[in-house]
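Q: Next come the chains, spelled out residue by residue.
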Amino acid sequence: MTSEFLERTRSTSQAGGFARHFAAAREWLSSERAPVYIFAFIWCLGVIVPVIISAVLSLLKARGLHIVWAVSLHAYRDIVESGRWEVVVRTLTAAGIVTAICLVTGFPFALWLVKRAKSQKLTQFVFMALTVPFFLDPSARTLVWRGVLGSTGLINAALMKLHLIDAPIEWLLFSDFSVYLGLVGPYFPNMVMPIYLAILLIDNELIQASADLGATPAATLRNIVIPLAMPGIIAGVIFTFVPVMGDSIVPTILGGGKKEYLADTVMSLSTAMNYAGAAAFATIILMLTAVLAAVFLLFRQRMTLARGIADRGITA
Amino acid sequence: MTAATFDNFAHRAARREARLIGIAIWLTLIAGFGITTLIYAPVVWLGVLSISSDPLAGLPGSFTLGWYYGLFTDTRWLHPLIVSLEIAVAVSTLCMISATLVGRVLPRLKRGRAPLLAAFLLPLVVPGIVVGIDVFIYYKMFLTLKMGIWSLILVHFIWAFPFALIGMLVVSSRFDVRLLEAAADLGASPWRRFWDIERPLLTSGVVTAGMFGFLLSLTELPRSIFVAGHTQTLPLFTWAETMSRGSHVSLIYCLNTIIAIVSIALSVLSVWLLGRRVKS
Chain A
-13 MTSEFLERTR STSQAGGFAR HFAAAREWLS SERAPVYIFA FIWCLGVIVP VIISAVLSLL
47 KARGLHIVWA VSLHAYRDIV ESGRWEVVVR TLTAAGIVTA ICLVTGFPFA LWLVKRAKSQ
107 KLTQFVFMAL TVPFFLDPSA RTLVWRGVLG STGLINAALM KLHLIDAPIE WLLFSDFSVY
167 LGLVGPYFPN MVMPIYLAIL LIDNELIQAS ADLGATPAAT LRNIVIPLAM PGIIAGVIFT
227 FVPVMGDSIV PTILGGGKKE YLADTVMSLS TAMNYAGAAA FATIILMLTA VLAAVFLLFR
287 QRMTLARGIA DRGITA
Chain B
13 MTAATFDNFA HRAARREARL IGIAIWLTLI AGFGITTLIY APVVWLGVLS ISSDPLAGLP
73 GSFTLGWYYG LFTDTRWLHP LIVSLEIAVA VSTLCMISAT LVGRVLPRLK RGRAPLLAAF
133 LLPLVVPGIV VGIDVFIYYK MFLTLKMGIW SLILVHFIWA FPFALIGMLV VSSRFDVRLL
193 EAAADLGASP WRRFWDIERP LLTSGVVTAG MFGFLLSLTE LPRSIFVAGH TQTLPLFTWA
253 ETMSRGSHVS LIYCLNTIIA IVSIALSVLS VWLLGRRVKS
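Protein sequence lines, in the order shown, are assigned to chains A and B. In terms of our numbering, the first sequence is residues -13 to 302. In terms of our numbering, the second sequence is residues 13 to 292.
Derived from the structure by calculation, the hints contain no laboratory data. On a predicted model such as this, the values are computed, not experimentally measured, just so you know. C-beta atoms are modelled at their ideal positions from N, C-alpha and C, and glycine is treated no differently. Each hint should be verified, as a subset may be incorrect.
To be verified - Taking lysine-lysine pairs in the BS3-like style, the calculated list, with each CA pair at most 30 Å apart, reads:
hint : chain 1 : residue 1 : chain 2 : residue 2
1    : B       : K158      : A       : K47
2    : A       : K104      : A       : K245
3    : B       : K122      : A       : K47
As the list claims (entries may be wrong) - According to the in silico footprint, chain B covers these stretches of chain A (three or more CB under 8 Å from chain B):
hint : stretch
4    : 11 to 21
5    : 143 to 155
6    : 265 to 275
Use the sequences and the hints to build the structure in full.
A: Right under this line is the structure:
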């Protein structure tokens, strides 16, 4: 980004002195791409650097707000010894289940939305309905589930009134079930949106051609639609899995504190002013994200590679 | 096998296939709309409970607007609301300016477009809690700055900027650069080119960026928890009341019903605005 600028200043520096430098800098600053690079620089300084610094802190010791400048794996050893790695496993399981539910329901829904939904109005309505959740207060809409699922909540009260049950169903609230239920809804749009956009780009003629050549709908789905929608599916899985893994609101409100999730742990560590420990967990969350992204990218590369070989096999 | 029986067989296979597809579509719709209901049912129920005379009972008995009148007597929510609005306006302004500066040029860049876009959209794949704790550690522990309104604005901006940028890019990536070249050929100054040609065409992107910034900031919680210091925003107020299991649940229901109605109206408006611009 600055190489161009440096090049220009270097070439002028031999001919003239400070004035030339100044003129070159002014010319670069007045170009329309300068704000983008300047903003990107500030962005990196303000956003990317904190992430790196936190990873560094997780390798140091901290006493309250004071940093002890000695390298130590103390924070990570703590995680293993205190049995908190169980929290990582539990969170990954929850995130995996929620993501799977969103994928299994979201992919066909996106496909229907693009290829089958009859009226433009309906598509727009659904699209709108899936955009609005990004702008709702997460704690307020989660809190209400307590009034629905609790032992005196809507569902239990209704079932008791209808004499379908004698005692309230206890596992509805403060259980894995309520956590999953609270997470599936808000993150469903994260899955549907990328897949929707990917399917939107698939040409109808390709699908028609596949049908004309005698492929069953299932074969067309497997060989045409899914491979072409793969970038959207991968983006959807990452956009769902990662925020679910880091969600701190739903497990706290609907989990009942009996079972800890990753975000609960980060919050309790930070409340206890164990910032090195919190940083270690934040770093673990980021690493898991990076691994997930890398696995998917590799998977995709191998798939395109395999398809390339298959294509060559057909033409040979 | 005679031709007739074969025809019959093919016909039946096709019918079975159509029926299977029909079932699949029905299952899809039930699941898809079912989960969409999971998003909106709590919001509707929030509204119902806010006018229920006993909000802690499972089945609402009688309805009352009394809790809403209560908002006038118990005004502890007012200060957090004002703080939230101040922050939201600041974030919205920052989003409009930065999304315009970056979004209008990004599609025209010849080099470095992909890595820049990736860096700007990065917060979308970083969980909020990680942003919160990382910003706290960096600014509070390493730079020893005092947390407050500015750090809330910062984390809200980090959260909102990718959305604002996407809103802007939806419009700006369809912008025809030849219009600007034509204006330059006709002797328009750079400022005039921006004001008379780009600005009118990009306005809906700017408005969307501002609305996204405003709404995302107004309802942001997971990042705020870590960097708020002694400042209290409205979501933090809700959160604190939720965690303390206080008796003021009806106040929370009323307040958040109003916020939800405003959020839904504004977001529907901004998405509609963007859709209209893209179509025309």
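Q: Within a Cα-Cα threshold of 30 Å, do K158 of chain B and K47 of chain A meet the stated pairing?
A: At roughly 22 Å apart (the allowed maximum being 30 Å), K47 of chain A and K158 of chain B satisfy the hint.
Q: Test coverage of the stretch 143 to 155 of chain A by chain B using CB-CB distances below 8 Å; three residues minimum.
A: holds (count 3)
Q: Run the distance test for K122 of chain B versus K47 of chain A: straight-line Cα separation, threshold 30 Å.
A: violated (45 Å)
Q: In terms of beta carbon proximity below 8 Å, does the stretch 265 to 275 of chain A have 3 or more residues touching chain B?
A: With 5 residues close enough to chain B, the hint holds.
Q: Verify this for me: three or more residues of the stretch 11 to 21 of chain A with a beta carbon less than 8 Å from a beta carbon of chain B.
A: holds (count 3)
Q: With the threshold set at 30 Å, check whether the alpha-carbon distance from K104 of chain A to K245 of chain A stays at or below it.
A: violated (45 Å)
Checked against the numbered hints above, the structure breaks hints 2 and 3 and satisfies the rest.
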